[in-house]
Amino acid sequence: PAVGLSSKSLADLAGSAFRRQTNIMSVIIDDAAYAQEGSKVYAGNLSWETDDQQLSELFAQYGTVVSATVERSRGGRSMGYGLVTFASAADATYSIESLDEQDFGGRKIRVRLDRGPTAAKTKAPRAADAEPRDKVVEPLKVFVMNLNFDTTDEELSAHCAAHGTVTSIELLTRGRNNRPSGSAIVEFGAEEDAKAAIASLEGSELGGRPLRVREYYTA
Numbered sequence: 039p040a041v042g043l044s045s046k047s048l049a050d051l052a053g054s055a056f057r058r059q060t061n062i063m064s065v066i067i068d069d070a071a072y073a074q075e076g077s078k079v080y081a082g083n084l085s086w087e088t089d090d091q092q093l094s095e096l097f098a099q100y101g102t103v104v105s106a107t108v109e110r111s112r113g114g115r116s117m118g119y120g121l122v123t124f125a126s127a128a129d130a131t132y133s134i135e136s137l138d139e140q141d142f143g144g145r146k147i148r149v150r151l152d153r154g155p156t157a158a159k160t161k162a163p164r165a166a167d168a169e170p171r172d173k174v175v176e177p178l179k180v181f182v183m184n185l186n187f188d189t190t191d192e193e194l195s196a197h198c199a200a201h202g203t204v205t206s207i208e209l210l211t212r213g214r215n216n217r218p219s220g221s222a223i224v225e226f227g228a229e230e231d232a233k234a235a236i237a238s239l240e241g242s243e244l245g246g247r248p249l250r251v252r253e254y255y256t257a
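Those letters in the sequence shown? Residues 39 to 257, per our numbering, in order.
There's no promise every hint is true.
To be verified - Within a straight-line C-alpha distance of at most 25 Å, the following computed SDA-like cross-link-like pairs (lysine to any residue) qualify:
1) LYS233 x ILE223
2) LYS173 x SER206
3) LYS146 x SER111
What the hints assert, rightly or not - Pair ranges (Cβ atoms, derived):
4) ASN215 x GLN91: 29 to 37 Å
5) ALA200 x ALA128: 47 to 55 Å
6) GLY82 x LYS173: 23 to 31 Å
7) ALA128 x SER238: 43 to 51 Å
8) ALA200 x ASP152: 33 to 41 Å
Because the hints were derived from the structure by calculation, they are not lab data.
Every residue gets a Cβ at the ideal spot worked out from N, C-alpha and C, and that includes glycine.
Hey, can you work out the whole structure from these sequences and the hints?
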């Protein structure tokens, strides 16, 4: 014989099924909103004092911010950049158009779409460390990276002069607008001075940023 269900039992089953369907729809909608392609923004050249809340408050003026994080080293020190995720790609684009090269915390910040993990690209420099045969080291020159965009020729020359006679400074730029690239070529009067500079200046601070210094070579 068929087993009958009371009207209350049927209502409970229907209600349970509806709740499950509603929860699934909610997850799908939320994921679509927060994982929209092109909704994550990179904010660079941040002051060392900028924290997550300040970053979030800045970008919240231009759209709905899902998360804002200042990237930090293992020791907890700011790495000078952060990642901001918006609820929509349109908000992300608006923030880029509005904030790129604007003053924040005493610096001109750089804002662009986040390009995602660069793990695949980081393997290439390891091969370059072996000084490939098609690259020639210029013994008098030193390549300096991670410069503050406001650093001048005179400031960099004075920073390097403690290790020898600096004969020229070339601050590198990029793009048609000649925007600072944060790197430079420093030429010394003697090879031993260049070597001393590489050994001593790596990790030293200038303009609030730790410098990266290595040999300069050409293809």
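Right, here's what the structure says about each hint:
Between the alpha carbons of LYS233 and ILE223 the distance comes to roughly 14 Å, so the proposed pair stays at or under 25 Å and holds. For the proposed pair LYS173 and SER206, the alpha carbon gap of about 22 Å is at most 25 Å, so the pair holds. Distance check on the hinted pair: LYS146 and SER111 sit about 22 Å apart at the alpha-carbon level, within 25 Å; holds. Here the CB-CB span from ASN215 to GLN91 is close to 32 Å, well matched to the stated 29 to 37 Å.
Checked against the hint of 47 to 55 Å, the C-beta distance between ALA200 and ALA128 comes to roughly 50 Å, which is consistent with it. Restraint check, GLY82 to LYS173: a C-beta distance of roughly 28 Å satisfies the suggested window 23 to 31 Å. Evaluation of the 43 to 51 Å hint for ALA128 and SER238 yields a pass: the beta carbon distance comes to about 48 Å. Against the hinted window of 33 to 41 Å, the Cβ-Cβ separation of ALA200 and ASP152 comes to about 38 Å, which satisfies the hint.
When each numbered hint is compared with the structure, no violation occurs for any of them.
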